[in-house]
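J.: Below, each chain spelled out in residue letters.
There are 2 protein chains.
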Amino acid sequence: MGDQQEHFHIIKNGNIATAKGFQAGGLHCGLRKKKIDLGWVYSEVPAQAAGVYTTNSFQAAPLKVTQESIAKENQLQAVIVNSAIANACTGEQGLQDAYDMRKLFAETMGVEEHLAAVASTGLIGELLPMEKLQKGISQVNDQEHLGAEKFETAILTTDTKEKGIAIELEIDGETVTIGGAAKGSGMIHPNMATMLGFVTTDANISSNHLTDTLKAITNKSFNMITVDGDTSTNDMVLVLANGQAENKELTPDHKDWETFYEGLKFVCEYLAKEIARDGEGATRLVEVNVEGAFTDESATGIAKSIISSNLVKTAIHGADANWGRIITAIGYSGESLDPDKVSIYLGDILVVENGVPHPFDEEAAKEHLLEDEVKILAKLGDANGRATAWGCDLSYEYVRINASYRT
Amino acid sequence: MGDQQEHFHIIKNGNIATAKGFQAGGLHCGLRKKKIDLGWVYSEVPAQAAGVYTTNSFQAAPLKVTQESIAKENQLQAVIVNSAIANACTGEQGLQDAYDMRKLFAETMGVEEHLAAVASTGLIGELLPMEKLQKGISQVNDQEHLGAEKFETAILTTDTKEKGIAIELEIDGETVTIGGAAKGSGMIHPNMATMLGFVTTDANISSNHLTDTLKAITNKSFNMITVDGDTSTNDMVLVLANGQAENKELTPDHKDWETFYEGLKFVCEYLAKEIARDGEGATRLVEVNVEGAFTDESATGIAKSIISSNLVKTAIHGADANWGRIITAIGYSGESLDPDKVSIYLGDILVVENGVPHPFDEEAAKEHLLEDEVKILAKLGDANGRATAWGCDLSYEYVRINASYRT
Numbered sequence: 061m062g063d064q065q066e067h068f069h070i071i072k073n074g075n076i077a078t079a080k081g082f083q084a085g086g087l088h089c090g091l092r093k094k095k096i097d098l099g100w101v102y103s104e105v106p107a108q109a110a111g112v113y114t115t116n117s118f119q120a121a122p123l124k125v126t127q128e129s130i131a132k133e134n135q136l137q138a139v140i141v142n143s144a145i146a147n148a149c150t151g152e153q154g155l156q157d158a159y160d161m162r163k164l165f166a167e168t169m170g171v172e173e174h175l176a177a178v179a180s181t182g183l184i185g186e187l188l189p190m191e192k193l194q195k196g197i198s199q200v201n202d203q204e205h206l207g208a209e210k211f212e213t214a215i216l217t218t219d220t221k222e223k224g225i226a227i228e229l230e231i232d233g234e235t236v237t238i239g240g241a242a243k244g245s246g247m248i249h250p251n252m253a254t255m256l257g258f259v260t261t262d263a264n265i266s267s268n269h270l271t272d273t274l275k276a277i278t279n280k281s282f283n284m285i286t287v288d289g290d291t292s293t294n295d296m297v298l299v300l301a302n303g304q305a306e307n308k309e310l311t312p313d314h315k316d317w318e319t320f321y322e323g324l325k326f327v328c329e330y331l332a333k334e335i336a337r338d339g340e341g342a343t344r345l346v347e348v349n350v351e352g353a354f355t356d357e358s359a360t361g362i363a364k365s366i367i368s369s370n371l372v373k374t375a376i377h378g379a380d381a382n383w384g385r386i387i388t389a390i391g392y393s394g395e396s397l398d399p400d401k402v403s404i405y406l407g408d409i410l411v412v413e414n415g416v417p418h419p420f421d422e423e424a425a426k427e428h429l430l431e432d433e434v435k436i437l438a439k440l441g442d443a444n445g446r447a448t449a450w451g452c453d454l455s456y457e458y459v460r461i462n463a464s465y466r467t
Numbered sequence: 061m062g063d064q065q066e067h068f069h070i071i072k073n074g075n076i077a078t079a080k081g082f083q084a085g086g087l088h089c090g091l092r093k094k095k096i097d098l099g100w101v102y103s104e105v106p107a108q109a110a111g112v113y114t115t116n117s118f119q120a121a122p123l124k125v126t127q128e129s130i131a132k133e134n135q136l137q138a139v140i141v142n143s144a145i146a147n148a149c150t151g152e153q154g155l156q157d158a159y160d161m162r163k164l165f166a167e168t169m170g171v172e173e174h175l176a177a178v179a180s181t182g183l184i185g186e187l188l189p190m191e192k193l194q195k196g197i198s199q200v201n202d203q204e205h206l207g208a209e210k211f212e213t214a215i216l217t218t219d220t221k222e223k224g225i226a227i228e229l230e231i232d233g234e235t236v237t238i239g240g241a242a243k244g245s246g247m248i249h250p251n252m253a254t255m256l257g258f259v260t261t262d263a264n265i266s267s268n269h270l271t272d273t274l275k276a277i278t279n280k281s282f283n284m285i286t287v288d289g290d291t292s293t294n295d296m297v298l299v300l301a302n303g304q305a306e307n308k309e310l311t312p313d314h315k316d317w318e319t320f321y322e323g324l325k326f327v328c329e330y331l332a333k334e335i336a337r338d339g340e341g342a343t344r345l346v347e348v349n350v351e352g353a354f355t356d357e358s359a360t361g362i363a364k365s366i367i368s369s370n371l372v373k374t375a376i377h378g379a380d381a382n383w384g385r386i387i388t389a390i391g392y393s394g395e396s397l398d399p400d401k402v403s404i405y406l407g408d409i410l411v412v413e414n415g416v417p418h419p420f421d422e423e424a425a426k427e428h429l430l431e432d433e434v435k436i437l438a439k440l441g442d443a444n445g446r447a448t449a450w451g452c453d454l455s456y457e458y459v460r461i462n463a464s465y466r467t
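Each protein sequence line maps, in turn, to chains A and B. Going by the numbering used here, the first sequence opens with residue 61, and the numbers climb by one from there. Going by the numbering used here, the second sequence opens with residue 61, and the numbers climb by one from there.
One thing to keep in mind: the hints can contain errors.
Because identical chains cannot be distinguished in the list, a pair is counted as satisfied if it fits within a single copy or across any two copies.
Unchecked claim - Derived DSSO-like pairs (lysine-lysine); straight-line CA-CA distance at most 30 Å: (1) 124 to 401; (2) 93 to 426; (3) 275 to 315; (4) 124 to 439; (5) 124 to 280; (6) 280 to 93; (7) 315 to 124; (8) 401 to 93; (9) 192 to 94.
Worth flagging that the hints you see were computed from the coordinates, not collected in a lab.
Go ahead and model the full structure; you've got the sequences and the hints to work with.
T.: As structure tokens, this is what we get:
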């Protein structure tokens with residue numbers, strides 16, 4: 061058992077296959093030289109399913125196919141994911157390949173096609189080598205490839221580490237588990253980034269409530285992170301709820317609804333923060349809190365403006381308490397605010413009060429900016445709107461990675 | 061005489077003091093260790109004046125004072141500019157300092173206060189050392205400090221070079237000159253960046269037409285450049301037209317209106333491009349052209365989205381023909397478009413045709429991406445909207461400069 065949270069426990073070594081009736085695995089099918097590059101998640105029974113997808117106009121082929129699958133009955137039983145190639149901007153051939161990938165996988169797993177989802181991440185504009193994929197898919201039932209940690213590895217691109225979690229909570233006296241895995245790294249920005257998130261739970265919940273909840277939570281978690289302001293063609297978050305915990309069906313009227321909601325939010329927020337922390341070239345996680353805005357929406361716009369600023373991000377990389385750049389980012393957010401009421405904190409240190417500098421200990425500020433988690437708080441003093449966003453610093457390493465990713 | 065343009069000549073070594081009746085100068089007053097840090101422009105007679113200002117909510121004190129000056133009679137006769145300290149987020153004391161700076165300068169130049177404008181650029185949140193400024197201002201009439209090149213130097217911050225130009229055109233048979241100077245470097249983004257632009261002309265034109273024209277041209281020049289997406293608190297562009305060329309007053313009905321408009325646009329565009337080319341850490345100028353969008357506004361949004369993408373900018377820095385990042389930036393622009401009609405060129409090289417990859421010579425593309433001016437063209441095929449934006453690559457040097465600017 062991990063940390064005690066209010067209504068749930070983090071399960072030590074918990075992952076996407078911890079909830080009852082779920083399995084996951086990964087193998088190397090040859091899209092990458094050595095690294096595992098094909099992963100899958102499977103539920104023993106069809107699960108209620110919900111998805112959120114990139115807002116990019118160039119939505120990749122696998123997203124179209126997955127949306128079709130879910131549209132049929134709002135259920136999924138199996139998800140397959142490849143890294144290395146995004147199958148985006150690949151025209152009709154790419155769409156056909158995504159259908160074929162789904163078909164092959166569904167047949168191998170023995171599920172109906174519309175119960176299978178596909179996801180891809182990696183280079184844009186290249187066709188999937190279908191022979192390699194086919195060979196890989198034919199092996200997904202081999203015992204040796206099972207293991208959630210293999211799934212976590214298979215979906216990574218330039219990520220430096222696996223991202224997984226599971227928590228346990230009690231609903232109707234039954235133990236319910238929520239687990240998840242994600243990948244991120246570059247092209248990470250609000251409204252779905254180059255990120256994939258997969259969440260599994262054995263909770264019993266209807267798909268329409270699952271869909272509404274996922275959307276609301278995504279807006280406060282995955283959509284509140286940024287690495288570089290680029291929103292990719294391939295992002296999606298899927299949740300599968302297979303009901304194996306046998307709780308009474310969850311609806312907003314259920315007495316334990318809040319517990320479930322907070323638990324799901326915790327898992328999504330955890331994965332989102334792990335993505336931000338592991339942003340390309342990142343050396344620290346940055347959390348921006350905005351309070352006292354006219355509305356929550358306005359606070360969201362301001363938080364995103366700060367977390368997206370290259371100048372704020374390089375200042376943090378240099379551990380320079382350059383609050384002028386934070387003020388500037390607030391000012392160009394396009395949100396309405398009273399400049400003379402704005403106060404800014406770096407960690408606990410007040411650096412701007414009511415729009416003008418407040419004397420502060422530079423050394424103490426520098427120390428905070430060198431911590432693994434840097435916190436910026438902007439108090440606007442206008443009303444009660446609030447929001448939180450996460451991101452990372454901008455380093456030489458980011459430039460190195462991205463000046464040479466493809467070649 | 062420089063290059064032959066359609067209706068005007070670039071004047072060799074022309075600058076902000078080339079138009080009849082203008083002078084400029086610069087000196088060291090001690091805001092910076094050694095570099096010249098105080099500059100001014102003066103017209104022998106009051107000039108019609110127009111300004112555009114940052115859209116940042118935290119508008120710096122000098123912008124408020126300058127807007128007050130112009131509001132009085134739409135005229136200016138003298139402009140003073142300091143670098144090193146932005147006089148932004150400095151509260152009431154900062155506003156008083158900006159008024160005092162204007163007053164001291166106006167008295168020294170022998171002009172009425174409302175005919176003087178003030179501008180500042182540099183660190184946010186520090187008060188101007190008024191004694192040093194006062195001493196500097198007292199010397200602005202000394203012959204030794206005259207010279208447009210001194211003005212060009214005085215207004216720079218992290219810029220690596222001076223930015224000036226003048227052109228000559230003919231209106232009513234009279235020779236009219238338009239000159240300008242600018243500074244940029246960091247915090248450069250559409251809607252006025254950390255940039256200052258000053259344009260002088262001896263044309264005879266009414267201030268209301270000058271204002272309308274400046275706004276229209278700024279939207280196609282200074283507001284179409286980006287270095288890092290950050291819009292500063294201090295940006296402004298001022299135009300002074302003193303009428304010394306003695307042409308018949310210019311209005312849109314004047315037979316030579318187009319000539320004047322194109323000339324002013326050329327000067328603003330030239331200065332804007334010079335700012336982009338000299339962006340912090342930049343090694344090349346990037347020009348993005350978007351054609352065939354549903355509207356010009358939509359083309360503008362797409363061009364800005366491409367030019368602002370860190371991933372596009374790092375790919376160009378690495379001379380990597382990674383068009384997937386360009387497609388991605390088009391896709392998340394939020395503008396409506398048909399993804400299946402989009403074609404992309406790097407220089408003359410077609411790399412994407414109707415939404416799917418077009419085979420191309422990687423070496424030739426790399427060669428183009430290594431040129432001093434990189435061109436990206438997106439043809440959308442939807443209608444006739446078009447726009448051009450300018451920016452630069454994103455280098456290690458950008459991170460170095462900005463991780464240590466303040467300390």
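J.: Evaluate each hint against the coordinates.
T.: Status of the hints after comparison with the structure:
{"no.": "1", "hint": "124 to 401", "in the structure": "between (47 Å within a copy, 18 Å between copies)"}
{"no.": "2", "hint": "93 to 426", "in the structure": "between (42 Å within a copy, 25 Å between copies)"}
{"no.": "3", "hint": "275 to 315", "in the structure": "within (21 Å within a copy, 59 Å between copies)"}
{"no.": "4", "hint": "124 to 439", "in the structure": "between (42 Å within a copy, 25 Å between copies)"}
{"no.": "5", "hint": "124 to 280", "in the structure": "within (24 Å within a copy, 38 Å between copies)"}
{"no.": "6", "hint": "280 to 93", "in the structure": "neither (37 Å within a copy, 47 Å between copies)"}
{"no.": "7", "hint": "315 to 124", "in the structure": "neither (36 Å within a copy, 56 Å between copies)"}
{"no.": "8", "hint": "401 to 93", "in the structure": "neither (55 Å within a copy, 34 Å between copies)"}
{"no.": "9", "hint": "192 to 94", "in the structure": "within (14 Å within a copy, 64 Å between copies)"}
When each numbered hint is compared with the structure, violations occur for hints 6, 7, 8.
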